[in-house]
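First to last, the sequence lines map onto chains G and H. Just so we're aligned: the first sequence equals residues 1 to 162 in UniProt numbering. Just so we're aligned: the second sequence equals residues 1 to 532 in UniProt numbering.
Bear in mind the hints are in silico, worked out from the structure with no lab data behind them.
Result set (SDA-like, lysine to any residue): computed pairs, CA atoms no more than 20 angstroms apart in a straight line:
1) H:Lys160 to H:Tyr58
2) H:Lys304 to G:Thr55
3) G:Lys58 to H:Ile345
4) H:Lys393 to G:Asp73
Some but not every residue of chain G turned toward chain H, in silico, with C-beta under 8 angstroms:
5) Glu25
6) Val124
7) Asn146
All of these numbers come straight from a predicted model, not from anything done at the bench. Cβ coordinates follow ideal geometry from the N, Cα and C atoms, glycine included.
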Amino acid sequence: MKKFLFALLLLSVSIGIQAQKKMPEVSVKTLDGEEVSSVEFSNDGKPMIISFWATWCKPCLNELSAFTDEFDDWHEETGVKIIAISIDDTRASARVKSLVYGKDWPFEVYLDQNQDLKRALNVVNVPHTFVLNGKGEIVWEHTSYNPGNEDEVIEQVRQLIK
Amino acid sequence: MNKVYTCLILLLLCCGNMAHSQNKGTLTGSFESNNQIYKNDSKIGAVAPKDKFGSNNYLKLDYTYGNFKAGIQYEAYLPPLLGYDFQLEDNGIVHRFVSYENQDLSITVGNFYEQFGSGLLFRAYEDRQLGLNNALEGVNVKFKPTDYISLKAVYGKQRKYFDTGKGRVRGFDGELDVLTALQAKTNSVFIVGAGYVNRYQDYTGPVEGYPSSVDAWSARMDFTSGRSALQFEYVSKGKDGNANTPQIVSEGNALLANYSYTQRGLGFNFSFRRLENMLFRSEREAANNELLINYLPANTKQHKYSLANIYPYSTQAMGEIGAQIDFVYTFKKKTALGGKYGTRIAFNYSHYNKLEGTLVDGVFYSDSEFLGLDGDKLYRDFNVEINKKWSKKLKSTFAFINLEYNKSALEGGDKGLVKSKIYVADFLYKFKKGKALRTEVQYLSTDQDMGDWIAGALEYNIGSKWSFFISDMYNSGVSDTHYINAGGSFVKNSTRFSLSYGRQREGLLCVGGVCRMVPAASGLTISLSKSF
Chain G
1 MKKFLFALLL LSVSIGIQAQ KKMPEVSVKT LDGEEVSSVE FSNDGKPMII SFWATWCKPC
61 LNELSAFTDE FDDWHEETGV KIIAISIDDT RASARVKSLV YGKDWPFEVY LDQNQDLKRA
121 LNVVNVPHTF VLNGKGEIVW EHTSYNPGNE DEVIEQVRQL IK
Chain H
1 MNKVYTCLIL LLLCCGNMAH SQNKGTLTGS FESNNQIYKN DSKIGAVAPK DKFGSNNYLK
61 LDYTYGNFKA GIQYEAYLPP LLGYDFQLED NGIVHRFVSY ENQDLSITVG NFYEQFGSGL
121 LFRAYEDRQL GLNNALEGVN VKFKPTDYIS LKAVYGKQRK YFDTGKGRVR GFDGELDVLT
181 ALQAKTNSVF IVGAGYVNRY QDYTGPVEGY PSSVDAWSAR MDFTSGRSAL QFEYVSKGKD
241 GNANTPQIVS EGNALLANYS YTQRGLGFNF SFRRLENMLF RSEREAANNE LLINYLPANT
301 KQHKYSLANI YPYSTQAMGE IGAQIDFVYT FKKKTALGGK YGTRIAFNYS HYNKLEGTLV
361 DGVFYSDSEF LGLDGDKLYR DFNVEINKKW SKKLKSTFAF INLEYNKSAL EGGDKGLVKS
421 KIYVADFLYK FKKGKALRTE VQYLSTDQDM GDWIAGALEY NIGSKWSFFI SDMYNSGVSD
481 THYINAGGSF VKNSTRFSLS YGRQREGLLC VGGVCRMVPA ASGLTISLSK SF
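Only chain H is shown next, with the shape it has when bound in the complex (with noise of 0.2 angstroms):
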């Protein structure tokens, strides 16, 4: 099957050499490669693994001719950086599709990336930094019939690491824009849409009743009008088994609700979300982040700042109850607050429980009421940012974070609930001839865990070429130990060459609330990126 695609491809390819001479075809793609050098430093625990190299490399070529495209990612691990799974210890094309598309129709065989509404309920995306590509191989087509109707159907097994993995997955989406339907004379928005994922993998085992397959629907809608906006999703996950437990998991469920008031220079948003039992995988066997069907981020605000970044929200699929509200607003021009350029504010607050119930042989039973808040907290955050700009030179940004993260219930040992407040400063200063220096201070205070931590970074830039920082962040609460990073890159247009030697955290790394483990490491680091 991989050597047809391989055929087909490497075809339309040579074709579409020929054909380039007559200027028919396109040809782009990009070009990613990180590279680390370890070694031992015995003073946060980095162990350099034996050949004391780890190189993550990623080749995409696209090739379109009229509607149709070819594409492929070659990637290549030798070996994986440290922290990524040691089973992507392998290189080779492991992303490969032909597809036909027109306004109406668009038909995708080979590897594919979609998502059905928010995700809650399906999502095959690729997060390089978590080692992540769930993609599905088979077919996919999109239709839209008319103007107002938009149809998308998948069939495929997931990819994991070099291999697929043992179910398939076959879904159905569809959205309605109604108002748009019934032609209405308004500027207002009313979108519904359903969706419905099957995962089908054989089971030999003891247990009766144990389901093979398992079904998954989703109902949404998503009205706006004037100022407002309101969402809701509701996806509902039949009996499921998982690598945990040699039980039935029960039926899941997943409940989110948005709302929404914008003007100029004004926004609020306020979203809560419940989920449980919806860790949905094509394959039960399946661990850590591989064979995720659904896609369920944190809903909390994803910092920006390390210190704030120590203690990242984690989703909990088998369990949770919260809520988040965002506020941003800006105080205009030539008024007291707002100065002569004005200042932004944003307020954010998020807090988040378990699920009241009781975990028995690795099966969660809920025996909370639907919106009971009585489990524990897992974790809180209140925050504050504001910029401001003071000249056409100097701009800041001060920020506060108040965080409660429950580190027991996120990551397991004995440390329980964290409390930790965050202060940082963060100055942006342009001198002449395109040279900037941003200076940035951080201090993280705690009782609990690792203590209090200080950070610090300067960058400095020269043009739009060249970039140079000096960083570091230190333990000043319990390992007295400093973890300094030197380093710079060059730029030129969409090539991207960068270096820096120093000591990478142990901790977690969380993109969009899906986490993977960083080991402690030490060394010199390497990465080019090109676009073409």
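The following block holds chain G by itself, in its conformation from the complex (with noise of 0.2 angstroms):
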């Protein structure tokens, strides 16, 4: 058995190393329940920042809400789009609904209550927060947020733009 996992490791190493994560395709849902595949997000050729929250998650609602704060320029600059993944299960899947709509967020917002594509992209905890890029491939990712976390994010998409 330990020889099994020694090998499962050199083999993650040997792998995990090069391997350039691609979006899977996980069914989420809208804020109305309809179903959507997680490929089919795009923006029409221009970078997306996908970010991960919940709403018992205080860092995530700081950056979310840091987001919120910077997005006309963001938008106007770069064209990127924001989508923010709900990991709420539906406990809070309706108050999800209500805070979105409620703090004007312009993000595109999904629900994913079995943390299905949470677990698909080996999302840890929230927040966290991925930079695609036009072909919707996976640039850059980073975990947790500090304050001032979104210049750093947004640098990330200037960079995909040049």
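Two chains, two frames, some hints: make the complex.
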């Protein structure tokens, strides 16, 4: 058993380092309850920011509030789209909707109620943010949020449109 | 059986490695390790385990090759952290699967997670914080014959620590997007769904007519038109048995109703739920959070602040009735209340009562009318939160939370109804060059239970990589005890390392209304997580 594990670890290291993460095909829900496949996320060839969050996660809300503050400028400059994936389970799904509208967030919001997309992208904890290039490939990711992180996120996006 | 899986996965992984040189497959994964070194601390009643150490570790690997996917999760509890069940003390590959997926069809063999509707009937999921993993081991098929019908089937046994439970679970679920099916030219959405779950576990005891097979079904609908949305779900469950009683437990049912109204800058939601005899496990003898088939989250707001989480509501699966109202509003920029940046305000109210009835030999007999509210009050929460940005540098959050918590009914003991008021002020100040300071002050006042609490925290961030904090929770009311914690974290891309030292209060830790008791602990915590 131990040898097997060791082999696995070796394998993971040998492959894992080079692997480029792609967007997996997982079904998530819109705020109206319709199913959407994650491979359908697109922004007409422009970059996207995908952020995993939850209603009970204080740093997540801080991050999305910072994105909201900057969004108009960012969008004008880079054409970027922000997708916010709520990992709240059905306890808070309904509250997600009132929060998103009530806070007037300029994001596309989806529900990942049983955390299938979170698992498929190997997100351990929220907040976790991905930057995708125009082809939909993941080029950068970051876990947790410190105030000011948003500057680093947009810098990654800027490099993509150079 | 396990060996077969392991070989299959190993084979796939090996093929994958060879294939990788041609750039055809990808391997992704994550690693998480939480460790604690304990010490005795008589002031808070913390008793260190014998070897003074606890360690929970998870390694997850997924390999994708075209439409095929295989994955494993290795877990090691050496030994488990305090508060996790001792039956977790082991290590090994507990989660393994192989799947084939295309746009219409997905077949998974091995361990899998799944959910029907809102989970009121069936949900297999993982929550590491709770030490909960009720993944099924068996077969999962998902099929979309058209773009408006989706079907799911599950069959298997649920995970119980490093083993599986005795009962077999099988289920079907279907969902129909009605307006798409009718090709209606409308922005409205109307979805109907139905599910069925059966659990079978042999019974060899003396009670006549005891159910070894338990059926449950659900019907649901979800209608959105313009700014309004309406949802209903009803679940019915057959006669069952459980560990608390040798008797037969009567039929159960659950009703969930939800209405929401939303427009830009305004969100309103009303949600009602009633549960009766809805405890549903795949093994009658299971206890705590083991082998739960359905998911019954607390229909209350999950609070972000520590003092508001001293009294968390936990769902009463055998009988509760109540509702929640949520309202979020943004005062626009450049208005009197909005100021330069806009002001956001949120109200939330929830109230839950027991169902009126009698408990005989551990079996609950409801004698209230279906919508009767005569039972004892279990929980009531009224809270307001205001978010305000003052300048480019300063942001604040103020919160007021008024909680009533029936401690005797929810945790046992004789503390009765605890009435508490909690005040929170939270400031975030950004300095130059990516440095920021967050300060948080909280005060809880109550005449019952442990009396008043005061809490404070300072958090200082340097760029996106470094973060340091010091916090204290002080019980001024009864025990005159400080719970001081200090620590820091380092983050680089998707890797996070953190270290902290201090005390942890004894109490309920709840995620989604599912709770576990956390014992008092004192010591050093070291965590590492990485995804790749």
